[in-house]
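Position chain B relative to chain A; hints supplied.
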Amino acid sequence: MSLLSPEPGLLFWMMLSFGIVLFVLAKYGFPIILKMVDTRHNYIEESLQSARKAQEELARVKETGEALLAHTRKEQALILKETARKKDILIEQAREEARLEAEKIIVTARDQIHAEKEEAILSIRKEVSRLSIDLAERILREKLITNEDQMGMIDRLLDEIEISKS
Amino acid sequence: MRKNKHIYSVLAALILLLSASPIFAKNSSASSEEELNVKEFILEHLADSYEWHIVGNGEKVISVPLPVILYSKISGWHFYSSSRFHRGKPAYDGFQIAAEGKYKGKIVETDASGNVTRPLDLSLTKNAASLLFTSLLLILIIMGVARSLKRNPLESKKGFTGIMEMFIMSIHDEVIKPSVGEDYKRFAPYLLTVFFFIFINNLLGLLPLFPGGANVTGNIAVTMVLAVATFLVVNLSGSKSYYKDILWPDVPTWLKVPVPLMPLIEIVGTITKPFALMVRLFANIMAGHSIVLGLTILIFITVSLGSAINASMTVISVIFTVFIDFVELLIAYIQAYVFTLLSAVFIGQARISHVSKPISQETKQFFIEDK
Numbered sequence: 001m002s003l004l005s006p007e008p009g010l011l012f013w014m015m016l017s018f019g020i021v022l023f024v025l026a027k028y029g030f031p032i033i034l035k036m037v038d039t040r041h042n043y044i045e046e047s048l049q050s051a052r053k054a055q056e057e058l059a060r061v062k063e064t065g066e067a068l069l070a071h072t073r074k075e076q077a078l079i080l081k082e083t084a085r086k087k088d089i090l091i092e093q094a095r096e097e098a099r100l101e102a103e104k105i106i107v108t109a110r111d112q113i114h115a116e117k118e119e120a121i122l123s124i125r126k127e128v129s130r131l132s133i134d135l136a137e138r139i140l141r142e143k144l145i146t147n148e149d150q151m152g153m154i155d156r157l158l159d160e161i162e163i164s165k166s
Numbered sequence: 167m168r169k170n171k172h173i174y175s176v177l178a179a180l181i182l183l184l185s186a187s188p189i190f191a192k193n194s195s196a197s198s199e200e201e202l203n204v205k206e207f208i209l210e211h212l213a214d215s216y217e218w219h220i221v222g223n224g225e226k227v228i229s230v231p232l233p234v235i236l237y238s239k240i241s242g243w244h245f246y247s248s249s250r251f252h253r254g255k256p257a258y259d260g261f262q263i264a265a266e267g268k269y270k271g272k273i274v275e276t277d278a279s280g281n282v283t284r285p286l287d288l289s290l291t292k293n294a295a296s297l298l299f300t301s302l303l304l305i306l307i308i309m310g311v312a313r314s315l316k317r318n319p320l321e322s323k324k325g326f327t328g329i330m331e332m333f334i335m336s337i338h339d340e341v342i343k344p345s346v347g348e349d350y351k352r353f354a355p356y357l358l359t360v361f362f363f364i365f366i367n368n369l370l371g372l373l374p375l376f377p378g379g380a381n382v383t384g385n386i387a388v389t390m391v392l393a394v395a396t397f398l399v400v401n402l403s404g405s406k407s408y409y410k411d412i413l414w415p416d417v418p419t420w421l422k423v424p425v426p427l428m429p430l431i432e433i434v435g436t437i438t439k440p441f442a443l444m445v446r447l448f449a450n451i452m453a454g455h456s457i458v459l460g461l462t463i464l465i466f467i468t469v470s471l472g473s474a475i476n477a478s479m480t481v482i483s484v485i486f487t488v489f490i491d492f493v494e495l496l497i498a499y500i501q502a503y504v505f506t507l508l509s510a511v512f513i514g515q516a517r518i519s520h521v522s523k524p525i526s527q528e529t530k531q532f533f534i535e536d537k
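Protein chains in written order, with this note's numbering: chain A, 1 to 166; chain B, 167 to 537.
Next comes chain A alone, as it looks inside the complex (with noise of 0.2 Å):
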């Protein structure tokens, strides 16, 4: 029945023994173990999260830039065709001007012209006059010492005139 009475002596050297370590280790050993495999489980942790994170970061920045160039490339075609546009009407207008300009300029060309005309022939008119009284003048001067003569060279001159005429 020995095995089964505990000894004092061994009871006594158990508790210390057992106090010891289980005051050591209790104290310093478990709890800075349990502590550090605790922090280096939350680095673990957050390194993980901080890198979904940054990837998550990086496919939004993606996808924005992504969408930005669509956003850019879209205005780009936009600006292109209005600016083809702009240059069309601006092409039209400058043409219309221009079209307008020149009957301008015709119109006028031609008024000066018609104005010309009409200036030469009544200045042309005018000389005839003039030269046609001239020569009236010297006819009746030189030839129209007689009633006949006179008659026969107005007679001719008058069928000339008609000849000329005609």
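Careful: at least some of the hints might be erroneous.
What the hints assert, rightly or not - Here are the simulated DSS-like pairs of lysine-lysine, each with C-alpha atoms no more than 27 Å apart in a straight line:
{"no.": "1", "chain 1": "B", "residue 1": "K410", "chain 2": "A", "residue 2": "K27"}
{"no.": "2", "chain 1": "A", "residue 1": "K27", "chain 2": "B", "residue 2": "K272"}
{"no.": "3", "chain 1": "A", "residue 1": "K35", "chain 2": "B", "residue 2": "K343"}
{"no.": "4", "chain 1": "A", "residue 1": "K35", "chain 2": "B", "residue 2": "K270"}
{"no.": "5", "chain 1": "B", "residue 1": "K410", "chain 2": "B", "residue 2": "K343"}
{"no.": "6", "chain 1": "B", "residue 1": "K323", "chain 2": "A", "residue 2": "K35"}
{"no.": "7", "chain 1": "A", "residue 1": "K27", "chain 2": "B", "residue 2": "K343"}
{"no.": "8", "chain 1": "B", "residue 1": "K343", "chain 2": "B", "residue 2": "K324"}
{"no.": "9", "chain 1": "A", "residue 1": "K81", "chain 2": "A", "residue 2": "K117"}
{"no.": "10", "chain 1": "B", "residue 1": "K268", "chain 2": "B", "residue 2": "K239"}
{"no.": "11", "chain 1": "B", "residue 1": "K324", "chain 2": "A", "residue 2": "K27"}
{"no.": "12", "chain 1": "B", "residue 1": "K410", "chain 2": "A", "residue 2": "K35"}
Just so you know, the hints here were simulated from the structure itself, not pulled from any lab data. Since this is a predicted model, take the numbers as computed values, not measurements.
Same frame as chain A, but now just chain B:
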């Protein structure tokens, strides 16, 4: 225990026996004597001793003497080396190791009138020395791991520290956390200490060579201290409802007053739990050691039955011993595990603060309407 040593001596003995077996075989009268010695042999190995036996038998023994510390009411304090005491030898300074009787194997004092008394024996016995050694070893191991982790906590560890960390965390995460419940952090250091204390003592108990081999966790004094520690932790950290369930459980009043039948049962229950822990660990480890010793001693028993039987029994014995040693290795872990698990569960049970539900309004209404 010292199985391997036995195996070695068995091998040596075998060679001797093969040459000298006829002499032993003829000595048939020795057989009954041998059988008588078997029980004593095993018990002696299971029990504590004043010196740390390393190797040898009979006259030639190599052992480490350990200090004997005694306090006698008659003659006060005494400090000796255990080498001065041998079983059955004449008394030294009035003390001797009792050869038989109630105090067999223990140091007793014989006073002037011939009365045999047992002094207060605080000797650093084999188990005590082994305890101190394993405690030191455990502290060194765990503190080493802690220091290594503290130095660089963010780096995952390799080698021994890594294994120990995994081991500690497996007990922490799979035994303590789910069993204790909410505030497991408060109790984790205690439970981990208990686990590793039992485990290292179990393992070193299996080691047959010098620093191990003591039947430490198979000694009831050791398991008693562990069980009392768990008892104290459980009962000093109990919640209000835990004490209420013990002292005033939810049973019909006549079971509580005037004879506090249920409270008494509950109080006994709180004691039986750690008591079961104590006996379980003690019995398992002691039984394991006994089996190994029993298997080993088969060789010596069969010596008288002739060399053929002896040789075959030797082979069987060695095979079985190796097998049992592997089982013991498993048991060393399982028993530490079970002790820790149950301690954790008991703590968890004592921490639950469930409030017994008051009868709801609906239920009251139901009863009233029923009438």
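These are the hints, each one checked on the structure:
1. B:K410 with A:K27: violated (31 Å)
2. A:K27 with B:K272: violated (37 Å)
3. A:K35 with B:K343: holds (15 Å)
4. A:K35 with B:K270: violated (50 Å)
5. B:K410 with B:K343: holds (25 Å)
6. B:K323 with A:K35: holds (15 Å)
7. A:K27 with B:K343: Satisfied, since the Cα-Cα distance of roughly 19 Å is no more than 27 Å.
8. B:K343 with B:K324: holds (25 Å)
9. A:K81 with A:K117: violated (52 Å)
10. B:K268 with B:K239: holds (19 Å)
11. B:K324 with A:K27: Satisfied, since the Cα-Cα distance of roughly 25 Å is no more than 27 Å.
12. B:K410 with A:K35: Given that 27 Å is the threshold and the Cα spacing comes to 35 Å, the pair is violated.
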